[in-house]
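Asker: Per the numbering used here, residue 231 is the first one in the sequence shown, and the count goes up by one each step.
Among the hints, a few may not be true.
Pairs of lysine to any residue, SDA-like flavour, derived with a Cα cap of 20 Å [unchecked claim]:
1. K249 / E262
2. K249 / T280
3. K249 / S263
4. K233 / P270
5. K233 / E253
6. K249 / M232
7. K237 / H260
8. K249 / K259
9. K259 / I244
10. K249 / V269
11. K237 / K249
12. K259 / R241
13. K237 / I258
14. K233 / R267
15. K259 / P270
16. K249 / L279
Derived from the structure by calculation, the hints contain no laboratory data.
Treat the numbers as computed from the prediction; the structure is a model and nothing was measured.
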Amino acid sequence: SMKAADKSGARWAIIIGDKELAEGTVQIKHLESGSQRSVPADEVVGAILTGE
231 SMKAADKSGA RWAIIIGDKE LAEGTVQIKH LESGSQRSVP ADEVVGAILT GE
């Protein structure tokens, strides 16, 4: 859950639902700012490392 991720000290959460699976994407959420966006699954690591 998002609350558990936030309490763990994580900076990012990766959300994968049925829509994301069908589209080959993931949602990445920056837990400090609350910003969230969709990225292609194969670009998620780069997006997190660059903070974009």
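Asker: Each of the hints needs a verdict: does it hold here or not?
Answerer: Status of each hint after checking the structure:
Of the pairs offered as hints, the one joining K249 and E262 is violated, with about 25 Å between alpha carbons and a cut-off of 20 Å exceeded. As the CA atoms of K249 and T280 are separated by approximately 25 Å, the hinted pair breaks the 20 Å bound. The hinted pair formed by K249 and S263 fails the criterion: a straight-line CA distance of about 24 Å is larger than 20 Å. Simply put, K233 and P270 have alpha-carbon atoms about 25 Å apart, too far for the 20 Å limit, and the pair is violated.
Between K233 and E253 the CA atoms are separated by roughly 26 Å; this puts the pair beyond 20 Å, and the hint is violated. Restraint check for K249 and M232: satisfied, since their Cα atoms lie roughly 19 Å apart, inside the 20 Å limit. Of the pairs offered as hints, the one joining K237 and H260 holds, with about 14 Å between alpha carbons and a cut-off of 20 Å not exceeded. Between K249 and K259 the alpha-carbon distance is near 16 Å, which keeps this suggested pair within the 20 Å criterion.
With a C-alpha separation of about 6 Å, the suggested pairing of K259 with I244 holds against the 20 Å cut-off. Restraint check for K249 and V269: satisfied, since their Cα atoms lie roughly 13 Å apart, inside the 20 Å limit. Restraint check for K237 and K249: not satisfied, since their Cα atoms lie roughly 27 Å apart, outside the 20 Å limit. Among the hinted pairs, K259 with R241 is consistent with the structure: their alpha-carbon atoms are about 8 Å apart, no more than 20 Å.
For a cut-off of 20 Å, the pair hint linking K237 to I258 stands: about 17 Å separates their Cα positions. Of the supplied pair hints, the one linking K233 and R267 holds, its CA atoms being roughly 19 Å apart against a limit of 20 Å. With a CA separation close to 14 Å, the supplied pair K259 and P270 stays within the 20 Å bound. Under the criterion of a C-alpha separation no larger than 20 Å, the hint pairing K249 with L279 is inconsistent with the structure, at around 24 Å.
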